[in-house]
Structures are given as structure tokens and as C-alpha cells.
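**Q** So you can see what is in the structure, the chains are spelled out below.
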Amino acid sequence: MTAVTDRASLKHRLAEKGVDRVLWLLVPGAVFVVLLFVYPFLYGLQLSFQPKGGGSPFQNYVTFFQDEYLAETVWITLRLGLPAALFNVLASIPIAFRMRGRFRGKRALTTLLVVPITLGTVLTAEGLLAFFGPTGWFNRIWMALGADEPAKLTHNYWGVLFSLIITGFPFAFLLTLSYLSGIDPTLEQAAATLGASRRQRFRTITMPLLAPGLAVTFCLSFVLAFSVFPSAVMVGNPAGETHVMSIAAYETALRDNDFAMGSAIAMLMALVMLIVIGVVLVWRTTLYRGATGGKG
Amino acid sequence: MKLAARPVVWLTWGALIFFMLNLIGIVGAVVTNSFAESWFGTWLPNGYTGKWYGEAWRDYRLLDVLVVTFQVAIAVVVISVLIGVPTAYALARRDFPGKKLLNVLFLLPILMPPMTYGIPLATVLYKFQLAGSMFGVIAANLVPAVPFVVLTMTPFIEQIDTKIESAARMCGANTFAIFTRVLAPLLVPGILAASILVLVRTVGMFELTFLTAGPTSQTLVVSLYEAMSSAGIRPQQMVDSMAVIYTASMLVLLVIALRFVNPTQLVTRLKDPA
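So the protein lines, in turn, are chains A and B.
For the first sequence, position 124 (counting from the first letter as 1) is numbered 131 according to the numbering used here, and the numbering increases by one without interruption.
For the second sequence, position 21 (counting from the first letter as 1) is numbered 33 according to the numbering used here, and the numbering increases by one without interruption.
Just chain B, with the same shape it has in the complex (with noise of 0.2 Å):
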């Protein structure tokens, strides 16, 4: 009778089923080719291999490309928290003259496609030339970055009451201390989160590092797209296993955010009904 009743739940699970059977052909078809000796019109390959991520590897300089990324992406990290908590602080914890506009300003770069900004700022780096270097990669992502450390910590910080902060200056601390010892340990869960969400989206930024990255500077997106725009000479496999390494990354990273950051508690934090 409730079964009958329900056709939008029938519905709703059969769409969703039918869109995961073709996500998993989709990654199944690119898994597949990257351990396939050769695959030409055929169900599946005539055999296996495991040698194309070991050329991978060598080939296209992996090592280089993920300490590369790995060395922008902890920079972005870094100076994006130091940048972006002490301004969503202060923008949750003071009101005046000029917020709103300061406010537009830090969400204006996360809506905006990279696009339209990156193309500018590339512009800007090459006449500084800057533009190729890992500065100038480092500097790029950090656009996007800072306004979105600072969107999430505002309200993370609009909930510590204000009254700890002024019974630690009734006991002596200065403002220093206040941060270093009151602050920072009630910080740390939602730093911590939104490091992670900047990791995930620098290490899969393609516009902005594409814009402005030289040859040594590239991340591993960018030079996945460069492996695939100039394949030809190299067989589809090795970009394929290539792929395979970009989203075994991807992953483990993602699956570690989500152990930290509870993504239906992204917009309203609410507690979890007990």
C-alpha cells in the first residue's frame, strides 16, 4: 500500500541508481584502460598490465609535478588561514562603517568564474613577470582561497561568546594571549576544516594555475590536461593511469575532509539530534 503510494521514491532511487551505473562505467571504463595492454572495440582488453603508471610516473616527471602541487598547495593553505582568520574575526566581532562593502569584496571572488578574473590577473602577473613562477601560481589561488577561509570561519567565530574573551582580559591577558591561548584551541576544529576544504579545491583548481603556471610550476591537474591536449605520441593508457594517480589523490584527501567536516553542517550548524 505505502510502496503503491510512493512513486517519487521509486523514481527518485531508480534515477539515482541509473546515474551511479554510469558513473561507475564511466571511472570502470578509465580504471580499466589504465591497467589494459591494448583495447580496441571490444568489451573488454585483451590483457592486463601494470607498466603504464610505472611510465606514467617516469615520463611525465610525476614526483616533480606532485611535490609541485603538493608545495602550492600547503603554501595556499598556510598564508590563506593567516589572511583569513584574523579578517573573519574582525568582521564577526566588529560592526563598522564599510562592512558590507568589505563583505561584497570577499564573496565577489568566489562567485566569480576564474575566468573572468584569471585571465586579468594572468595579464597583471606577466607584466610583473611573475607569471610562470611558483609565486605566481601560489598568488592566483590564494584569490579564491582567503574569501572562502573567511566565509566559512565567520560564522564559526560568531558563535564563541564573546564573554570568554572578556573574562581572559579581566584575569591579564593582553590581546596576544588572548588569540595564542583562548582563541587559537577554540578555533582549531573549524581551521582545521576549512584548511581542508582549500586543499581539496586548490589541488583541483585547473583555470587559475592553467593561466598562469609555466612549465615548471605546473600542478597535477594542469599537467593532466596537457598530457591529454598533447596525446598523440604517448598511448591513451598513460594518461589514463595518470588520471587513475590524480583521483586516488583526490580521494584519500577527500575522505579525510569528510572525517573532519560534516558536509550537511556546511551552511547552518546545528547540533546533531541525539
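Chain A extracted, bound-state conformation (with noise of 0.2 Å):
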């Protein structure tokens, strides 16, 4: 009887606690992720320990610093990945103010923004080179307008940054015209009867009440930006200029079936973007994160 009763009020506590049966419905959620996400990074991970050749355990990542050709691909990944997630979200700050509220067109005008995010990576990049190569529409306009010779846009830098732009730009502008939207429009004008200025007020009611959504829009285009492989290879110069982080990954492990190197490669991959979004995300905790007044 005891027995009975002990049992009753545990399932009672316990579901005070929130936990009763409703939790079953983690279980195949919870086992996916942990079997496809959580067991093979673990596995990456120790592989990494692992070196082909032997050695300390650390050899991989010895090696990687080691080798100039390796530890490059940090600094030539962040300077692709930085300011192209910089540009996105910058530029997508004065065009999501110009279409909040109602107007004709807007509709059209989203749906043209978003369009690139159809054209996928290959026609993006087949583009760019027909487009901006030697003897293409842009420089074929550049000598016309009395350049000595053609501008270098492709199978280099700027062609991969182009790249990046054209198709990460949609997700940042979606993102920001999401969370403009959800600042309520009467704040802005409430300062408005006060006597605030266009400036005033873009500085002290919007920018404090967007910022922390930019910061999140940041971290999410720089992960797109930073994963780049690609449209590094195709305008880019894969061995060289653009030889970034996730090729220099692919190749050590598909290429040169050293799985143990391309799954180190990886992880500092990982590392590196979790301390530029971590960098981001603590700067976000100094800003103001309240309700933005959206009528929800």
C-alpha cells in the first residue's frame, strides 16, 4: 500500500518538475540528434587524436599551425567570411527601413531580394566569370567607359566575395526586415512628437531595439560566409588566394583519405567560428533585450 502511494506522489514530483509522459515525445528528437549530430562529432573529435602516421596525439593540430599552407586558411577564411557577413548585414540595414510599412509593390520587391537564394552556388558562379570575366558585359562597359584594361574580378578574391554577397545577402535582408518589423512603429513616432530628429531617433529607439536581431543576423551570415567551398573553387583560386578552411578540410580527408587530419581541420573549424560568434554573442548581452514592442 505504502508501496503504491510512494509511487504516486514520485510521478507527482515529478511532474511538478514537468517531467510526465509528454517528455516521450523528445525520445525520437533526442536519439536523432544524438546519433547523427552529437556521436559522429564526438568521433571526429577523438579521430582527430588519432594521427594516420602516429605520433603524439596532438600531432594533427601540430602539423596544421606548422605548415604555412594550412594554418593560412584561417586567416584567408576569415577575411572572406568577416566582411562579407559585415557587408550583408550593413546593406541590409537601409534597405529593410525602406520597406517597412505598406506600399505598392512591396511584395514584388521582397520577392525579387530573395531571388538569389534560388540561383545556387554553380549558376552564381557561372555568372560571375561570363559576367565580370575579360571579355564579359561588365569589362566589355569598363573599357567603353575608357579603362586601360580589364578589371581582374574573377578566379580571385573578389570573385568569391562577390559570390558570397549575392548569395548571402537575401538570408541577412530577411532576416533584418523580420526584426524591423517587430519593432513597434508607434516608439519611433512617440519620439517623433517629442521633437526627435530622423537621426535621433534612428539612434536611440531603433538601433538600440535592433541591434541585438543584427547581432544574431551577424552570427548567421557569417556561418554561411564561412563555410564557403564551393564557389572558392569555381571563381575562386583554389589553390591559393581562396584556398579556404573547408576545402583544405575536403581534401585532407576525401581526396587524401587522411580522415583523421580532414576531421582536425574540421574541428578547428568549428573552434574558430564558435569564438568569432561567441565574441559576437557576448557583445550582445551588454544590449538592451527586452520586448521590441511588436504586436504579437
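Don't take every hint at face value.
As the list claims (entries may be wrong) - Just so you have them, the derived chain A footprint on chain B, three or more residues with Cβ under 8 Å:
no., region
1, 91 to 102
2, 141 to 148
3, 155 to 162
4, 249 to 262
Simulated from the structure, these hints should not be mistaken for laboratory data.
Ideal Cβ positions, reconstructed from N, Cα and C, are used throughout, including at glycine.
Now that you have both chains on their own, put them together as the hints suggest.
**A** Spelled out as C-alpha cells, the structure:
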């Protein structure tokens, strides 16, 4: 008899903490994430400490930083990823601002801005090569305007940067627009009745409310730009100027069949990315994080 | 007066138009070339033909590739909804110890570049000899898809009033009935939105498919990449016409998606001002 009440009370106490039968619904999701994400990640992590050629467990990491060609990939990737993400976020702010409120053709313009998502990296790459190439339309106009020689914009850093901007901008724009639409416009109107100028309203009302969202947008844009792979191969110079970390990881793992070293590079990639995102998110905690007055 | 006072506005529109012109040039160059007889160093090609589409369709076996792409995408959508929606329900409705950890675990696959977990995942799949099969490709694509469904569905479920469920229970409905007859109809718009976004992401997902696909399990993006990197034997126009086919199918998906998903309400769900 007592055993039954004990069990009942345990069940009761668990339910008070939120543990009841509903949690069974979590099982498939949890099993999935452990099996297909956590396990492979940990497997890769331990594999990276078992260098192919034997030696100390940290051999792969030591090799990475001693080999200049590999160590350099960190800076190459950051030099592409950070400007691309920053540009995409900064460029979406003024455009998103124009898109607030209701006006004719808003839906059409939004669609037009989002269309680059559909292009895919290959069409973008082909297009960049054809359009910005030495005999492409851009350079024809450029020469007609009086330039001495065609601008070199493909098979180097610039080609990859353009490609990252074209594919990354729609995402940054959609997120920024979404955050901006969540800010109650009456806040700004109230400030306007108190005599705040346009600039003051932007600096003291809209920007502080938007900044946390921009931090998230920057993080997501950076993740997209940081994992650049196909465009760095096709419009870049994959052996030199745009030898990014993902190319190095792919080539060592699947071309040279050194999965241990490939995993080590992948882990370093995750680490660099987490550091950048960590810095941004720590900065975000210093910002205002309350309701933005969206009428949800 | 007002025009002169706002140079920022003019600058914004000017920059946007410049960006759009370049974009049109980039897309236009590919579309023009896919219809070109031949095109070397002139403003426009010296003849137009539609034959490259037919040749690309045959040579790259695009029908097979499209069937594979469709199968992978549908499988990923169905499985990620089946796993993701119940998870999102439990996360939205209950506060339990360890919830934060689980939330982080479901956020990480979206925050990580696909390459970082794709390479270890491909290694594991090779170990169990699953790489190269359809199963491997579907499993790899599920990794970001399930968390994506969870993330988009959790706020959606949170806004459904719990009183509705309590009322159904009062009237004698069991848990299964509540799910199928009360929650499911209310969740349909959210599930539809999440599925379409997952579909677009899966069709466009390059890295994970590239790392895990074999010759018979390539999706359209990957075979497009392979076609471009092994170009040289075949004329450029064929790769371009294949790229146009890819973009056209993505465009159809996106236009459908935008009918169901309001892009401005991805983060905050506010009602359209009347």
C-alpha cells in the first residue's frame, strides 16, 4: 500500500518539475540528434587525436599550425567571411528600412530581393565568370568608359566575395527585415512628437532595439560565408588566394583519405567559428534585450 | 526640399539598382549562353538554339537526377516533420530539467557550418558503409532539417492556447485524439511553412550531399557541380543550361514557399496591420 503511494508521489513530484509522459515525445528527436550529430562530432574529435602516421595525439594540430599553407587558411577564411557577413548585414539595414510599412509593389520587391537564393552556387559562379570575365559585359562597359585594361574580378578573392554577397544577402535581408518589422512603429512616432529628429530617432530608438537582432543576423550570415566551399573552388583560386578551411578539410579527408587530419581541420573550423560567434554574442548581452513592442 | 534632405534614401536606391543591374547581368549571361550557338569575345552570341537543353537532359541523365533529388527532398521533409513536430511540442509545453541542454543541441546543427560536422558524419557513414547510398544522403540532410523544424515549430506551438487541449480532454479525448483532431488542424499552416522551407534548403544543400553522395545518389546541385568541375569535354553551354534548369526549379519552389510563408514574420509573428 505504502509502495503505491510512494510511487504516486514520485510521479507527482516529477510532474511538478515538468517531467511527465509528454516528454516521451522528445525521444525520437533526442535519439536523432545524438546519433547523427553528437556521435559523429565526438567520433571526429577523437579521430583527430589519432594521427594517421602515429605520434603524439596532438600531431595533427601541430602539423596544421606548422604547415604555413594550412595555417594560412584560417586567415583566408576569416578575410572572406567577416567582410562578406558585415557587408550583407550593413547593406540590409537601409534597404530593410525602405521596406517598412505598406506600399505598392512591396511583395514584388521582396520577392526580387530574395530571388538570388534560387540561383545556387553553380549558376552564380558561371554568371560571375561570364559577366565579370575579361571579355564579359561588365568589362566591355568598363573599357568603353575609358579603362586601359579589363578589371580582374574572377579567379581571385573578389570573385568569391561577390559570390558570397549574392548568395548571402537575401538571408541577411530577410532576417533584418523580420527583426525590423517586429519593432513597434508607435515608439518612433512618440519620439517624433517629442521633437526627435530622424537621426536621433534612429540612433536612440530603432538602433538599440534592432542591434540584438543584427547580432544574430551577423552570426548566421557569418556561418554561411565561413563555410564557403563550391564558390571558392569555381570563381576563386582554390590553390592560393582562396584556399579556405573547408577546401583544406575536404581535400585532406576525402581526396587524400586522411580522415584524422580532415577531422582535425573540421574541428578547428568549428572552433574558429564558435570563437567569432561567441564574441558577437557576448557583445550582444551588453545590449537591450526586452520586448521590441511587436504586436504579436 | 524633402528630396534634397534625404541623400541616404537616394544612395540606398542607387546602390540597390546597381546591385540589381549586376545581378541581371550575371543571370543574363548564363541564360544567354545556354541558348547560344557559340559565343566568344563578342557582345552577343552569333546564333541561338535550344539544343543544349536536350543534350544536357540526355548526357547528364537529368531525369534520374531529378527523381533522386525529389525522393531525397520528400523523404527529408516527411521524416524531419515526423521527428521535429513532437519534439517541438514537448519543448514548447514543458519546462523540465535539461531543457536548456536540449535546446542548445538542436541549435548547434544550424549554427555549425555543414562542413564541420559533414566530414565527421561522412567518416562515420563510410565506417558503416552507408555513404554513397540514398540512406546516407537522407540521413546527412536530416541533420540540419530536424532542428530547423523544431526551431520554427516551437514558437508556433507556444501561441496555441493550452485551454483548447484541456477542453478537448474534458470532453473525453485521449492524447492521440488531441493530436490528430485538435492540434494537427491548428498546426497545418506551420507544418506547411516549415516543410516548404526544409524542401528549399534540402534541394539547395550542397556540402552535406556532396560529402555523402555516390554516383547513384547525387542530387541536382551536386551533379551540377560535378558537371562544372569536369567540364572541358562538353561545351560550356550544356552546364549553363543545366544551371538554368536548377534555378528554374528552385524559383518555382520559392514562389510556392512565399505564398505560404510571409518572409517578414520569420522571427516575430505579428498580425498584418489592418
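**Q** Hint by hint, note whether the structure agrees.
**A** How the hints compare with the structure:
Residues of the region 91 to 102 of chain B lying with their CB closer than 8 Å to a CB of chain A number 7, which satisfies the three-residue condition for coverage. Counting residues of the region 141 to 148 of chain B whose C-beta lies closer than 8 Å to any C-beta of chain A gives 0; at least three are required, and the coverage claim is violated. For the region 155 to 162 of chain B, the proposed coverage by chain A is satisfied: 4 residues have a C-beta within less than 8 Å of a C-beta in that chain, meeting the threshold of three. Note: the region 249 to 262 of chain B has 7 residues with beta-carbon separation from chain A under 8 Å; the three-residue rule is met and the coverage holds.
When the structure is compared with the earlier hints, a violation turns up for hint 2 alone.
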